[in-house]
Amino acid sequence: MRRFVLVLGLLLLGLAGVAAMMGWGSLGGAWFRASPGSLNAFQAATQRYLLPEIWTDGMVPVLRQPAWLVAGTVGAVLSIGGLAWPHIGRRR
Amino acid sequence: MRRLKRGWELPEHAATPESVFIRRRSLLGAGALILAAPGAVAQRANTPAPVDPTADLYPAQRNMRFRLDRPLTGETEATTYNNFYEFGSHKNIWRQAQRMALRPWQVRIDGLVKEPRTVDIDTLIRAMPIEERLYRFRCVEAWAMAVPWTGFEISHFLRWAEPQASAKYMVMQTFSQDQVAASVAPGFREPWYPWPYTEGLTIEEAGNELAFLATGLYGKPAGAQNGAPLRLVVPWKYGFKSVKSIVRITFTAERPKTFWEEVQASEYGFWANVNPEVAHPRWSQASERMLGTNERRPTLIYNGYGEFVAHLYQGLTNERLFA
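So the sequences go chain by chain: A and B.
Using the working numbering, the first residue of the first sequence is number 1, and each one after it goes up by one.
Using the working numbering, the first residue of the second sequence is number 1, and each one after it goes up by one.
Derived from the structure by calculation, the hints contain no laboratory data.
Certain hints may be false.
A short list of chain B residues far from chain A (calculated; beta carbon distances all over 12 Å) [claimed, not checked]:
| no. | residue |
| --- | --- |
| 1 | 70 |
| 2 | 92 |
| 3 | 101 |
| 4 | 106 |
| 5 | 177 |
| 6 | 318 |
Part of the chain A face toward chain B, derived, beta carbon under 8 Å [claimed, not checked]:
| no. | residue |
| --- | --- |
| 7 | 29 |
| 8 | 32 |
| 9 | 34 |
| 10 | 36 |
| 11 | 40 |
| 12 | 44 |
| 13 | 47 |
| 14 | 58 |
| 15 | 72 |
| 16 | 73 |
| 17 | 74 |
Only part of the chain A face toward chain B is listed, based on derived beta-carbon distances under 7 Å [unchecked claim]:
| no. | residue |
| --- | --- |
| 18 | 56 |
| 19 | 60 |
| 20 | 76 |
Even for Gly, the Cβ is constructed at its ideal location relative to N, Cα and C.
Using the sequences provided together with the hints, build the complete structure.
This is how it looks when you write it as structure tokens:
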């Protein structure tokens with residue numbers, strides 16, 4: 001599990017680098033260009049079956065951020081978590 | 001698809017009269033509105049903009065040529081269960097839509113016309129022969145309703161707008177962020193969508209006697225959630241073709257790329273004619289659920305309007321006419 005989290009984090013950090021170099025723009029814009037139908041379906045599912053506010057106030061602000069920033073932030077958190085895993089929750 | 005809870009509904013005698021409600025709104029602040037009686041909230045959904053300069057045109061005389069094979073959908077259902085992506089992708093957008101100002105409103109008519117112009121919506125409406133028509137409405141999501149629309153046949157508008165002979169398509173657009181702020185239409189906070197919402201008909205489709213530009217429903221001016229002050233109604237096509245709150249009509253020689261073609265062309269094409277035999281990639285179109293009653297009815301080819309429109313598509317063998 002620790003290795004999985006670490007690898008995922010590093011992959012996202014790499015993806016963030018690619019996004020920054022390639023100028024992917026916002027996460028939502030990049031997602032729309034890659035797969036508009038899945039983004040639309042995700043929005044519809046969130047607004048119709050959960051709460052509209054989860055989309056408008058929770059997801060949209062994240063999707064409007066640069067793709068590199070979102071991927072980099074999540075990647076960094078996962079990488080640090082993966083590296084620190086043996087120490088998290090360890091009791092004396 | 002989640003349906004609005006109806007626990008707040010009251011019998012007719014218990015609902016707040018419209019005049020009292022409007023007067024109350026002018027006196028109470030926004031905070032007090034939250035505490036208003038549930039009956040008043042229900043009525044708000046069915047109430048058009050407070051002051052509609054064309055209100056004297058309603059109710060319009062019904063055109064008896066267009067008849068229904070099913071009961072009319074209740075007004076509450078038709079005005080509180082709506083698709084309008086600028087306000088959200090859920091069905092309860094009517095609350096958010098009330099924030100949109102419906103006046104002043106202008107419509108730009110340009111492209112291949114004798115004379116491009118911008119017309120005030122009330123001038124346009126009063127220049128047209130207003131009538132009421134009962135139409136079936138079929139959403140691509142497999143729900144349906146039957147609605148008394150008020151408005152005018154597009155053929156009258158075509159004579160008024162005078163498109164050039166080279167015009168092959170009539171392209172219609174909903175408002176953009178230039179006209180309505182993202183704080184009112186939160187869909188504009190999603191700039192990856194190809195706003196403004198764009199739809200189009202061929203000139204032959206637009207000139208068909210069924211093609212209608214609606215200004216109201218249920219004998220009253222329409223509310224914003226139903227596409228006020230001007231929306232397309234083409235009952236033989238899936239509902240997403242019926243572009244709402246139109247601000248621009250352009251006549252072109254080239255077929256437009258519509259909003260949904262840009263988002264998901266494989267599921268929502270240009271023609272979008274109703275056909276129970278052609279399934280959506282993710283669900284059947286063989287039957288439809290009636291709003292309000294949840295009755296299931298078999299879907300009809302061209303939504304039952306084949307005698308009016310089937311001839312429009314003869315010879316179009318290389319087109320996806322039913323998606």
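How the hints compare with the structure:
1. Look at residue 70 of chain B: its CB is around 26 Å from the nearest CB on chain A, clear of 12 Å, so calling it non-interface holds up.
2. Chain A draws residue 92 of chain B into its interface by the beta-carbon criterion, the shortest separation being 7 Å against a cut-off of 12 Å.
3. At roughly 21 Å, the least C-beta separation between residue 101 of chain B and chain A is larger than 12 Å, which holds for a residue marked as non-interface.
4. Remark: the non-interface label on residue 106 of chain B is consistent with the geometry, its nearest Cβ contact in chain A lying 29 Å away (cut-off 12 Å).
5. Under the 12 Å C-beta cut-off, the non-interface status given to residue 177 of chain B relative to chain A holds; the minimum distance is some 14 Å.
6. Its beta-carbon lying about 24 Å from the closest one in chain A, residue 318 of chain B satisfies the requirement of being farther than 12 Å from that chain.
7. A least Cβ separation of about 5 Å between residue 29 of chain A and chain B falls short of the 8 Å threshold, and the interface hint therefore holds.
8. With a least beta-carbon distance of about 4 Å to chain B, the hint placing residue 32 of chain A at the interface is held under the 8 Å criterion.
9. Taking 8 Å as the C-beta contact cut-off toward chain B, the hint placing residue 34 of chain A at the interface is violated, the least distance being around 11 Å.
10. Evaluation of the residue 36 of chain A hint against chain B yields a held restraint, the C-beta minimum of about 5 Å falling below 8 Å.
11. Using the Cβ-Cβ criterion of 8 Å, the hint placing residue 40 of chain A at the interface with chain B is satisfied: the shortest such distance is roughly 6 Å.
12. Residue-level restraint check for residue 44 of chain A holds (minimum Cβ-Cβ distance to chain B is 5 Å; threshold 8 Å).
13. A distance limit of 8 Å between C-beta atoms decides the matter here; for residue 47 of chain A the minimum to chain B is near 4 Å, and the interface restraint holds.
14. Restraint check, residue 58 of chain A versus chain B: the minimum CB separation of about 12 Å is more than 8 Å; hint violated.
15. Here the hint on residue 72 of chain A is broken, as its CB sits about 20 Å from the closest CB of chain B, past 8 Å.
16. Evaluation of the residue 73 of chain A hint against chain B yields a violated restraint, the C-beta minimum of about 20 Å exceeding 8 Å.
17. With 8 Å as the threshold, the beta carbon of residue 74 of chain A stays out of range of chain B, its nearest partner Cβ sitting at about 20 Å, so the hint is violated.
18. For residue 56 of chain A, the interface hint holds, the least distance from its beta-carbon to any beta-carbon of chain B being 5 Å, beneath 7 Å.
19. Because the smallest distance between the Cβ of residue 60 of chain A and any Cβ of chain B comes to about 5 Å, under 7 Å, the interface hint for this residue holds.
20. The closest approach between the C-beta of residue 76 of chain A and any C-beta of chain B is roughly 25 Å, which is over the 7 Å cut-off, so the hint fails.
Comparing the model with each earlier hint shows violations of hints 2, 9, 14, 15, 16, 17, 20; every other hint is respected.
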